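Those protein sequence lines, which keep their order, are chains A and B.
Numbering follows my numbering, with no gaps: position 382 of the first sequence is 382.
Numbering follows my numbering, with no gaps: position 25 of the second sequence is 25.
Read the hints as simulated data drawn from the structure, not as lab findings.
A quick note: this is a predicted structure, and the numbers were derived from the prediction, not measured.
A few of these clues could be false.
In silico DMTMM-like pairs for lysine to aspartate or glutamate, Cα to Cα no more than 25 Å straight-line [to be verified]:
id	chain 1	residue 1	chain 2	residue 2
1	A	Lys163	A	Asp298
2	A	Lys421	B	Asp271
3	A	Lys245	B	Asp172
4	A	Lys163	A	Asp369
5	A	Lys304	A	Glu239
6	A	Lys272	A	Asp116
7	A	Lys245	A	Asp266
8	B	Lys101	B	Asp271
9	A	Lys245	A	Glu205
10	A	Lys163	A	Glu291
11	A	Lys304	A	Asp177
12	A	Lys163	A	Asp182
13	A	Lys421	B	Asp89
14	A	Lys245	A	Glu424
15	A	Lys272	B	Asp172
16	A	Lys245	B	Asp271
17	A	Lys421	B	Glu180
18	A	Lys304	A	Asp387
19	A	Lys245	A	Glu185
20	A	Lys62	A	Asp116
21	A	Lys245	B	Glu180
So the chains spell out like this:
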Amino acid sequence: MLRRSVTLLVLLALVTLAVPVMAQETEPTIPAAPCVAPGELTLWLWDENWAEVIGDSVELWKTEYCPDAEVTIEVNPWGQYWDLLKTAAASGDLPDIFTMSQPNAFFYIDNNALMDLEPYFEAAGIDSNLWGSGSVGPYRGADGTGLYSAPVEWVTVAVYYNKDMMDAAGLEYPTADWTWDDFAEYAAALTDEEAGVYGAEVYMEYQSGFPNWIAMTGVSPLIEADRSRCTLQDAGSIEALQFLKGLADAGYMPPPSIVGSTSPDDAFNLFKSGQLAMMSVGAWKLPQAFEELEFNWDVVTFPKNPTTGRSRSTLHAVGYSAGANAENPDLVANLIQFLVSDEGQRFFAEAGGVAPGNPNPELQQMWIDSFGDTNVNIQAFIDAIQDSQGITDFDEIDSVNNELVLNIFDLGMSVEEATAKACEVIDAYIASMSE
Amino acid sequence: MASGGTPVPLLYLTNPYVMSTLLNFFGHTPLSRRKAFWGLALVAPNLLGLFFFFGVPVIIAFATSLNEWNVLAPPVFTGLDNFGRMLGDNLFWRALGNTVKLALGVIPAEVILALGVALILNQQLPARGIFRTAYFLPVVTSSVAASVVWTWIFQPRYGLLGSLLQPFGLRDTAWLTRPELVLIPVGVVTVWQRLGFDMVLFLAGLQAIPRELYEAATIDGAGRWQRLRYVTLPLLSPTTFLVLTLLVISVFQIFDQVYIMTARTVRGGVDGSALTLPVFLYEEAFTRNRFGYASAVALGLFLIILFLTALQLWGQRLWVYYESEAPEVKA
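Chain A extracted, bound-state conformation:
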């Protein structure tokens, strides 16, 4: 008994000694810092689930780094968020901090409505390139400088597939080496027209759909990254859309009117009910998939384009932004620095929702582990970062995407005609922006 107690005490002493040593060895990727003077801040989000996670994070900031500060968190659902933000901007009353999406950022950045966070990060010794260009590229100014939003999370897209259906069809599970031709064969083999089962649905809207396939051909989807022209009529775009249209025309993919929309949410419902064998959607669907799918399933990176040999995914990162005229810019920057720091992001990593924007490998592993002991290849989403495509879409032309999808996949228009129509609208809008 005594011997056991002594052993335990020795072990405890060793652990106590080891902790500070380990802590010294692991430098945080993004450190937090104490605030200079507390104050009152408002923070807007569109996601109810995030409010809790970010709320916990803010509480820690208030306790450890900025006692006496007050933060009011307000959740405005996505459907109203951008209208409210514009109205708030119009009345000069933007919240101190608000979550920003890449397609919406251009408008605010181009009109000098956002605070440049770069000087604050530089002063704190943080190199904003640590996030990678896909995450922060769209949050920089037109000349590529400045940083107008700091990543909350990142999302890539991969193919979710029903393993039971593959077993029934006698197919091997796809691997990261599969190609477009393999994908077409899988889609054909998994389609059962009589039972109303479709092999795949991978065109949809911008983030989860056809732009991934265009990116794999080496073309910037929809528009050039510098927003100079429409790229939908480029050879790569035509190739990708022709490929997808071929699958739809063969009856392997359902038209949008059958899916119910151009949203991956509705495609997911078909997937869930066993009427769809494969679909592409971002990592944000993982929690719902784990909770609701009652069959065996897995994820795999997009198949490789046979010519370029590239498997690519769009990469989107929601960010924290602040208004250019924030009353207390130092405090705002301090809270944002904390929210994206290792400490602040730990709450996201542990919550098991979206992946934390902070690239610290420990945090990323924590995020994977948060889903528990699973045989789902979550690593596919991290692998997809390697050759990812930054978001080129922006809000003002977003409906063109959906119109293109409807024209091609629902109304039977040829790819050439549909892309010509879309480019006409996009190029006209780009021209009107430079007026």
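Once you've looked at the hints, dock chain B against the given chain A.
Chain B only, in chain A's frame:
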């Protein structure tokens, strides 16, 4: 706005009492004018609200329409450019055309159905109160919620309508995406949602018709159809006029149905096939950040409604029969 709901000042206008008082004010008998004076005096607090929450924004909208303004950068004065642009904008004309199509479908259907239901429910039926409540329920249902449910009813493969149409081979009809079809669901939901309101107006009108007129007509040998044609319809004409006036206004303000029912694909439909003027101006403002142009379109819409309402007011003397007028002997 996205969550729907009629703005408060517009509720005043859709209030039948305020509306009939206002209409009476333009009536051509001293009695109706005297009545209207006291009516207006009593609704003055409401009208003041109307001025501040409706009149003032209209003035601001006019000022905005003379500028190019994206809400973030300072506005740039462009005079009447936005109005010129509106007249040359294909989407504006498409939205107006769609509204006219909707009006041609919705207004006759609504008047006939609401009147028909009112005539039926004006009779001594068992559980009449329950029927009246049931028909009125859509009016008090959130139009956003109703539009969402109807979107699923019109869903081709799994929707209720698809199942009903299956025997006719029309199951997979893409009601909400095909440009030539999309106005049908929008019109159906509009009629469904408004039917109860117009039915109540017609019921009130029907109950105001003195019974002795029917008795006299019956004694004179008038049958059911003749009583409807020569007693009910003429005496109901002020109500019909009110219903028509309000209907035209509301058809030109269709927003929620289109916004919700096409939100899951292309808002306003492919090629603007489901675009109405309110959806068009919303898109111009909140998606394309052209608030000045959107204000010009809003004023255009206001002028169109004003013109149509004035036209109806002028035209009413040709067909509307007011009880206070001296009875005419018609051949």
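Unsatisfied constraints (hint numbers, rising): Violated hint (a single one): 6; every other hint is consistent with the structure.
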